[in-house]
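Keeping the supplied structure of chain A fixed, place chain B upon it in accordance with the hints.
Residues per chain, in single letters:
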Amino acid sequence: MLHTLASAAADTPAPMAGATLYHYLVVSAIMFVIGLIGFLTRRNLIIMFLCTELMFQAAGIALIAFSRFHLNHTGETFVIFVLTVAAAEAAMALALVVLLFRRKETLDGTVWGDLKG
Amino acid sequence: MRSVPARPVRLIDGLVGATTLNHLVSPIILYAACGLGALGVALALPKRTFSPFIVGGIIAAIAFGLLMIGLGVATPADQRPNILFYVFAGIALLASLRVITHPRPIYAALYFVLTILASSGLYLLLTAEFMAFALIIVYAGAILITYLFVIMLATETPSADEMDTLNDYDRFAREPIAATIAGFVLLGALTTVLSTGAAKALPETRLATVNGQQISLLTRKVETVLRDTRDATGKPLLAAGETVASVEGGENGIIKIAGEAGSVTRTIPRAEWPADVTVENIEGVAFTLIGAHPGAIEIAGIILLMAMLGAVVLARKKVDIDEAATHEAMNVLGEKAPGAAQ
Numbered sequence: 001m002l003h004t005l006a007s008a009a010a011d012t013p014a015p016m017a018g019a020t021l022y023h024y025l026v027v028s029a030i031m032f033v034i035g036l037i038g039f040l041t042r043r044n045l046i047i048m049f050l051c052t053e054l055m056f057q058a059a060g061i062a063l064i065a066f067s068r069f070h071l072n073h074t075g076e077t078f079v080i081f082v083l084t085v086a087a088a089e090a091a092m093a094l095a096l097v098v099l100l101f102r103r104k105e106t107l108d109g110t111v112w113g114d115l116k117g
Numbered sequence: 118m119r120s121v122p123a124r125p126v127r128l129i130d131g132l133v134g135a136t137t138l139n140h141l142v143s144p145i146i147l148y149a150a151c152g153l154g155a156l157g158v159a160l161a162l163p164k165r166t167f168s169p170f171i172v173g174g175i176i177a178a179i180a181f182g183l184l185m186i187g188l189g190v191a192t193p194a195d196q197r198p199n200i201l202f203y204v205f206a207g208i209a210l211l212a213s214l215r216v217i218t219h220p221r222p223i224y225a226a227l228y229f230v231l232t233i234l235a236s237s238g239l240y241l242l243l244t245a246e247f248m249a250f251a252l253i254i255v256y257a258g259a260i261l262i263t264y265l266f267v268i269m270l271a272t273e274t275p276s277a278d279e280m281d282t283l284n285d286y287d288r289f290a291r292e293p294i295a296a297t298i299a300g301f302v303l304l305g306a307l308t309t310v311l312s313t314g315a316a317k318a319l320p321e322t323r324l325a326t327v328n329g330q331q332i333s334l335l336t337r338k339v340e341t342v343l344r345d346t347r348d349a350t351g352k353p354l355l356a357a358g359e360t361v362a363s364v365e366g367g368e369n370g371i372i373k374i375a376g377e378a379g380s381v382t383r384t385i386p387r388a389e390w391p392a393d394v395t396v397e398n399i400e401g402v403a404f405t406l407i408g409a410h411p412g413a414i415e416i417a418g419i420i421l422l423m424a425m426l427g428a429v430v431l432a433r434k435k436v437d438i439d440e441a442a443t444h445e446a447m448n449v450l451g452e453k454a455p456g457a458a459q
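These protein sequence lines are chains A and B, in that order. Take 1 as the starting number for the first sequence in the numbering used here and just add one per residue. Take 118 as the starting number for the second sequence in the numbering used here and just add one per residue.
Derived from the structure by calculation, the hints contain no laboratory data. Treat the numbers as computed from the prediction; the structure is a model and nothing was measured. For every residue, glycine included, the Cβ atom is placed at its ideal position computed from N, Cα and C. Hints may be right or wrong, so weigh each one.
[Said to hold, decoys possible] Covered stretches of chain B (in silico footprint by chain A; criterion: 3 or more residues with CB under 8 Å from a CB of chain A, positions within the stretch not fixed):
| no. | stretch |
| --- | --- |
| 1 | 182-193 |
| 2 | 235-241 |
[Claimed, not checked] Where chain B lies over chain A, by a calculated footprint (3+ residues, C-beta under 8 Å):
| no. | stretch |
| --- | --- |
| 3 | 44-55 |
| 4 | 83-96 |
Extracted from the complex, chain A is given alone in its bound form (with noise of 0.2 Å):
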């Protein structure tokens, strides 16, 4: 039954949820930066967006992590917003990715360093 199930873990404390709220922040900052510099130095466009949306990721563990803290829901119901903004922004980011790869022919992001004047 699924409510017997349950019921062992409601008034005990849930047993993994041992970790400092500090763990989840160290493990968010290392993914943002992973995040970043694999944003500054690939040059695929593709895998500077794919990039951008592991700083998103980042951003939602210390949201979900901050949510489970202070004991309310907000942060999860932040991360919804999170979710439903970088599903609009891929399909921005992509199909403006394909419109740049139909322009010049190369996903190759330095050769839009022209740009730069």
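Structure of chain B alone, referenced to chain A:
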């Protein structure tokens, strides 16, 4: 609707208590781990000279392990994370390292799926079940498929003599050393700020049990739980003709049960409630989402609609209809074709 959960005192203690860096992790370990991690990432990035991903990955993993050991030593024994935390965090970070180092975009996207799966594991550890599954559905299911399609669409057709070569822009990173140094200086600063400001513990009570006011809105759920739960003699807690009249949450909560006539016949005090009479994660998210932020949902819907329209408009391809077909269409419409004989 907006209930303020009772907060354990230890939460505040933790916020005030963690004032020094030494309280959580020794600065030497922290900065050594940052430097080691930078070395590992710089080695792993694709470079013109040589880029041993295995060596770089191992060094980065050692750096992460060092940081976690330093953090674990500084944490009180009862607050050390479960082994699953290390497993999920390690998988997520190694996979995200592989996202930025793999030369082939398809594999990078697939490693990103692995990152998503591991971080939804982290969400589960944080008892955010709804977001964990929403993350898998939205990210791994929808966004990444879009990425894969674009990778397939926007790839140069390989010629016959070089079927399996990578493009230069996939093989070599741009300024890997400088970017890594910049990134890890940022990481060092971030973690330093975190350790001086962030508290040390997550609260230990389950989120759901403290939300007193929300449970009073869920009388139907309480009714179902009571019908499904049986007491020691095997009888359901709620008999066939009875219904739940009202529920009051909180420390001195009470369930009022009405008989067939409609008047309250008996009550169940808080101490005798079945453990399932709580507000689960998904119900709490729903209360916050629909109750506290209804306007934001509408705005999110408009953003998605605009993004869809924008993507369609941007990626649209102008189709060139050939001359004869244009003339034919014009004739059908009874118009003069442009450029036709005067």
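Practice task
Output the numbers, in ascending order, of every earlier hint that fails for this structure.
Solution key: No hint contradicted; all consistent.
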